[in-house]
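Protein chains in written order, with the working numbering: chain A, 1 to 241; chain B, 242 to 397.
Derived by calculation from the structure, the hints in this document are not laboratory data.
Just so you know, not all the hints are guaranteed correct.
Unchecked claim - A few chain B residues that don't get close to chain A, going by computed Cβ distances all over 10 angstroms: (1) GLN278; (2) VAL281; (3) ARG292; (4) THR297; (5) LEU327; (6) VAL330; (7) ILE343; (8) GLY349.
As the list claims (entries may be wrong) - Covered by chain A, according to a simulated footprint, are these stretches of chain B (three or more residues, beta-carbon under 8 angstroms): (9) 282 to 291; (10) 303 to 314; (11) 361 to 374.
Even for Gly, the Cβ is constructed at its ideal location relative to N, Cα and C.
Residues per chain, in single letters:
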Amino acid sequence: MPRPPAPKATPAKPSGPPLGLIGAVTAVLVALVAVLVYLAVRGDGLEAEGAANTLPAGGGIVVNPDAPEDATTVHVYEDFQCPFCGVLARSIGEGLTEKAEAGEIRLTHTIMSFLDGNLGNDTSSRAANAALCAGDAGVFSEWHATAYESQPTEGAGWTDADLVGFAEQVGLEGEDLSGFETCVAEGTYLDYVTDMQEAANREGVASTPTLVVNGETLSREELSLLQSDPGALDSVLAAHE
Amino acid sequence: MSPRVLDAVGLVARLVLGVVLLVAGWLKVGDLTGSVQAVVAYELVGYELARFIGVTLPVVEIAVGALLVLGLFTRASALVGTLLMLVFVAGIASAWTRGLAIDCGCFGDGGPVDPEDTRYLEEILRDIGLAVAGLWLVARPHTLAAVDTLLRRGRT
Numbered sequence: 001m002p003r004p005p006a007p008k009a010t011p012a013k014p015s016g017p018p019l020g021l022i023g024a025v026t027a028v029l030v031a032l033v034a035v036l037v038y039l040a041v042r043g044d045g046l047e048a049e050g051a052a053n054t055l056p057a058g059g060g061i062v063v064n065p066d067a068p069e070d071a072t073t074v075h076v077y078e079d080f081q082c083p084f085c086g087v088l089a090r091s092i093g094e095g096l097t098e099k100a101e102a103g104e105i106r107l108t109h110t111i112m113s114f115l116d117g118n119l120g121n122d123t124s125s126r127a128a129n130a131a132l133c134a135g136d137a138g139v140f141s142e143w144h145a146t147a148y149e150s151q152p153t154e155g156a157g158w159t160d161a162d163l164v165g166f167a168e169q170v171g172l173e174g175e176d177l178s179g180f181e182t183c184v185a186e187g188t189y190l191d192y193v194t195d196m197q198e199a200a201n202r203e204g205v206a207s208t209p210t211l212v213v214n215g216e217t218l219s220r221e222e223l224s225l226l227q228s229d230p231g232a233l234d235s236v237l238a239a240h241e
Numbered sequence: 242m243s244p245r246v247l248d249a250v251g252l253v254a255r256l257v258l259g260v261v262l263l264v265a266g267w268l269k270v271g272d273l274t275g276s277v278q279a280v281v282a283y284e285l286v287g288y289e290l291a292r293f294i295g296v297t298l299p300v301v302e303i304a305v306g307a308l309l310v311l312g313l314f315t316r317a318s319a320l321v322g323t324l325l326m327l328v329f330v331a332g333i334a335s336a337w338t339r340g341l342a343i344d345c346g347c348f349g350d351g352g353p354v355d356p357e358d359t360r361y362l363e364e365i366l367r368d369i370g371l372a373v374a375g376l377w378l379v380a381r382p383h384t385l386a387a388v389d390t391l392l393r394r395g396r397t
C-alpha cells in the first residue's frame, strides 16, 4: 500500500511584505521624486516679456538694433559676478560700444545669472534685471560699463542701492531715475533674466565670458588676448569676418 | 579573513561611497542651474536631456547615498552607485579625449576651467576607486551595522 504523500512542510511565513517589494517601492519613490523635481523646475518655454530692444525667447538685448544687415554680429555672454567678464568689459567694452555706434557690428548681450547659485546670492539676477531696466532708460551700454568699473570681489554682491547708484553715475535723473528704481525694486525683468540663462544653455554656452562673432565662438587664446589688449579687437574680429 | 573583518571592509565601502554620493548630490541640489550647466559643458547630449540629467542626478545621488549610509538594500544601491561611477568615468574620459577643459562638476561648480586646471586623471581615479567600493558591496552586500541585517533578523 503506497504511503500517502507527506504533508508539505510549510516554511515559516515572513512577516510583512517581501524585501524585494519594499526595495522596488523605494526605487519607484526615488524615481518619482526625481521626476517631480524635474517637472517643478521646468521652464515654461522662454515666453517672458523683455525690456526695450530685447530679442524674444531670452535671446538677449541688442545694443544697436538699427545696425546694417551686413554688420559683423558680436554676441557677448556674461554674468555680472564673473571676474573675467569684468576684465573683458573694462578692456574692450568701450571699443565694442564705439563699433556698435558706428554700425560696424551688431552687438548683443546675453546676461547670464548662474553664478548666483554658485555664490549663494542673487546679485547676478538683480544686476541683469537692472541692466535691462537701464536699456529701457536708453543707457544700457553706459550702465553696463559703470557696473563693471565697480565690480565687487566675487561673492560680495551688490545692493539695490549700488545698482541705482550706477544709474545716477551715468546721469539718469528725474522720472527716468525713479522709473529705473521701480524697475530694479520690482525685478520687472527677472523672468526674462531666467530665460536668458536658459537660452544660453540651450545654445551650449556653459561658461562666461563667451564671445561669439558671426556665429563662431572665440577661442580661449583670443579671449585672453582681448582681456589684456584692447587694441587686439580689430584683428580678432577680422579673423571671423 | 574572518567574516567579521570582511563585514567591516563592507561597512567602510558603504560609508565611503554613500557619503561621497550624499555630499555630491547635496552640493548640486542647491544649485540646479549650475548642475544643468555642468552637464551642458560636457557637450555630449542635447539641452533637454542635459537639463533632465542635471536636475534628476542630484536627487538620485542623495537617495542612493542615504540608502548606502543606512545599509538598506545594500546590493541594489551599490549596483546603482557603481553604474553611476562608471558613467562618470566614461563622461570625464570623453571630455578629456575631446580636448575639452572642464571641471567634472562632480561636486557642483562644473563647467569650463583653464586647461592647466583640469584634473581629469585625478577625477577618473577617484571615481574608479568608488566603483571598486561599489563592486565589493555588489559581490558581498553583508556589512556591519546595516539596516538590511535588522530587517532580515525581524523576518525569521
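The hints, checked one at a time:
Distance to chain A contradicts GLN278 of chain B as a non-interface residue, since its nearest Cβ pair spans about 5 angstroms, not more than 10 angstroms. With a closest Cβ-Cβ approach of about 4 angstroms to chain A, VAL281 of chain B is found to fall inside the 10 angstroms limit, against its non-interface label. ARG292 of chain B, annotated as away from the interface, has a beta carbon of chain A within 10 angstroms; the closest lies near 8 angstroms. The Cβ of THR297 of chain B does not lie farther than 10 angstroms from every Cβ of chain A; its closest approach is about 4 angstroms, which violates its non-interface assignment.
Distance check on LEU327 of chain B: its Cβ is at least 19 angstroms (rounded) from any Cβ of chain A, clearing the 10 angstroms threshold; non-interface status holds. Listed as a non-interface residue, VAL330 of chain B keeps its Cβ farther than 10 angstroms from every Cβ of chain A; the least gap is roughly 21 angstroms. A cut-off of 10 angstroms between C-beta atoms contradicts the statement that ILE343 of chain B is not in contact with chain A; the least separation is 8 angstroms. Interface exclusion of GLY349 of chain B from chain A breaks down, the closest Cβ pair being 7 angstroms apart, not more than 10 angstroms.
With 4 residues bearing a CB less than 8 angstroms from a CB of chain A, the segment 282 to 291 of chain B meets the requirement of three and the coverage assertion stands. Only residues whose beta carbon comes within less than 8 angstroms of a beta carbon in chain A count, and the segment 303 to 314 of chain B has 5; three or more means the coverage holds. Here's how the segment 361 to 374 of chain B fares: 0 of its residues keep a CB closer than 8 angstroms to some CB of chain A, so the rule of at least three is not met and the hint is violated.
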